[in-house]
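Go ahead and model the full structure; you've got the sequences and the hints to work with.
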Amino acid sequence: MKNKNLIIYAPNISGVGSKIWFFQKIKELNRLKSNITVYTNSNFKKRINSCNHIRLIDLGKFNFIYLVFAKFIIREDFNEIYSMGDYPLPFIANQTIYLNQANLIDPSKYKYSSRKLVFKLKRFYFKVFSQ
Numbered sequence: 009m010k011n012k013n014l015i016i017y018a019p020n021i022s023g024v025g026s027k028i029w030f031f032q033k034i035k036e037l038n039r040l041k042s043n044i045t046v047y048t049n050s051n052f053k054k055r056i057n058s059c060n061h062i063r064l065i066d067l068g069k070f071n072f073i074y075l076v077f078a079k080f081i082i083r084e085d086f087n088e089i090y091s092m093g094d095y096p097l098p099f100i101a102n103q104t105i106y107l108n109q110a111n112l113i114d115p116s117k118y119k120y121s122s123r124k125l126v127f128k129l130k131r132f133y134f135k136v137f138s139q
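Residue numbering for the sequence shown follows this note's numbering, starting at 9 and increasing by one per position.
No lab work stands behind these hints, which were simulated from the structure alone. Please note: incorrect hints may appear among the correct ones.
Subject to a maximum C-alpha distance of 27 Å in a straight line, what follows is the list of computed BS3-like cross-link-like pairs (lysine-lysine) [to be verified]:
hint, residue 1, residue 2
1, LYS135, LYS27
2, LYS69, LYS41
3, LYS27, LYS41
4, LYS79, LYS119
5, LYS135, LYS124
6, LYS12, LYS69
7, LYS135, LYS69
Cβ pair distances, simulated, as ranges [claimed, not checked]:
hint, residue 1, residue 2, range
8, ARG63, GLY25, 20 to 26 Å
9, LYS12, GLY68, 31 to 37 Å
10, SER22, ASN60, 17 to 23 Å
11, ARG63, LEU125, 28 to 34 Å
12, GLY23, PRO115, 19 to 25 Å
Even for Gly, the Cβ is constructed at its ideal location relative to N, Cα and C.
Okay, structure coming up:
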């Protein structure tokens, strides 16, 4: 995997668990001597100084917009892309998705999964764009 152009797309991570995955993935990829571009909406520059960091504006509850329009936001060529925000990036094939959201599991299969409308919509999005 040396000298590959990799993208870590994480504009909507906010929880402790997702940040642990995020920093661990960067650490792992840095060992492989890859060219890494990171998209976030947080100021992680001090912690990811070995990567090209593109900071997006934090849109709060509307950060999902960065997922839908990822195809148009990402301008460089890449060999691999890692989506760290629980959801697939539409219109981008061959991506690795890191999940940290138990509410994406259908409540009929996991009793602790939420039945709220917002999670029903998120499960629908995941189902449509992960095909």
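Hint-by-hint comparison with the structure:
no. : hint                        : verdict
1   : LYS135 to LYS27             : holds (24 Å)
2   : LYS69 to LYS41              : violated (35 Å)
3   : LYS27 to LYS41              : holds (21 Å)
4   : LYS79 to LYS119             : violated (35 Å)
5   : LYS135 to LYS124            : holds (17 Å)
6   : LYS12 to LYS69              : violated (33 Å)
7   : LYS135 to LYS69             : holds (21 Å)
8   : ARG63 to GLY25: 20 to 26 Å  : holds (22 Å)
9   : LYS12 to GLY68: 31 to 37 Å  : holds (33 Å)
10  : SER22 to ASN60: 17 to 23 Å  : holds (22 Å)
11  : ARG63 to LEU125: 28 to 34 Å : holds (31 Å)
12  : GLY23 to PRO115: 19 to 25 Å : holds (20 Å)
Of the numbered hints given earlier, the model fails hints 2, 4 and 6; all others are met.
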